[in-house]
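Chains A and B are the protein sequences, given in the same order.
Numbering of the first sequence is given in my numbering, commencing with residue 115 and proceeding in unit increments.
Numbering of the second sequence is given in my numbering, commencing with residue 7 and proceeding in unit increments.
A couple of the hints might just be wrong.
To give a feel for the contact side, a few chain A residues facing chain B, derived at Cβ under 8 Å [stated by the list, open to error]:
#1 A155
#2 G157
#3 P158
#4 F160
#5 S163
#6 D173
#7 F176
#8 F179
#9 L180
#10 Q212
#11 N213
#12 G217
#13 P218
I should point out that these hints are in silico values taken from the structure, not numbers from a laboratory.
No residue lacks a Cβ here, since even glycine has one placed at the ideal position from N, Cα and C.
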Amino acid sequence: DQQVKQNSPSLSVQEGRISILNCDYTNSMFDYFLWYKKYPAEGPTFLISISSIKDKNEDGRFTVFLNKSAKHLSLHIVPSQPGDSAVYFCAARVNYGQNFVFGPGTRLSVLP
Amino acid sequence: ETGVTQSPTHLIKTRGQQVTLRCSSQSGHNTVSWYQQALGQGPQFIFQYYREEENGRGNFPPRFSGLQFPNYSSELNVNALELDDSALYLCASSSGTQNYGYTFGSGTRLTVV
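My request is simple: use the sequences and hints to build the entire structure.
Spelled out as structure tokens, the structure:
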């Protein structure tokens, strides 16, 4: 039973355009969400987070949107760069808990 | 400020054997979590240690065990290895027990044959 879903295994975007990565969740007790980026042979690196009391958080080229009623998150990358090519994981925390539930990831390819 | 380091980077074991994976936490982080990432999947929570005590556990059998040492380094031990244990094992460090995100190591790729 996947509590965090990333239904697009892969996404290709042209350099300079917007990348939109989506994440859906089922557990209404999730109170904090993060996006991680992972390059091959490296561990995941933190990108951006959002609390369930907010609906948007922005950091440079990265913006995360949260729609609690739809149980949906999205990560927008504008403009996309070739260095953004990686696997992106959405992760959610249960109610101040000690661990995160990760989605299966979306592989983003930014084409020059 | 050092990051999270894991050793070894790759390991091949035979079914039924035991394995120990090691992790050195980021300086100042007193919480360590271990995750298993199977091919094509997201990381799955194994357990977390805080101040040398297990502080939470995911849906993994008791043959997965851990230790955290006073210097905050830690070990993941897996007994009676099964083929399905083949995965990338990630160590992640953080501060405190209410988690707002991790610093991950690069992982240990375990192959069970």
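Hints, one by one, checked against the model:
no., hint, in the structure
1, A155, "holds, 7 Å"
2, G157, "holds, 3 Å"
3, P158, "holds, 5 Å"
4, F160, "holds, 5 Å"
5, S163, "holds, 6 Å"
6, D173, "violated, 13 Å"
7, F176, "violated, 14 Å"
8, F179, "violated, 18 Å"
9, L180, "violated, 16 Å"
10, Q212, "holds, 4 Å"
11, N213, "holds, 4 Å"
12, G217, "holds, 5 Å"
13, P218, "holds, 5 Å"
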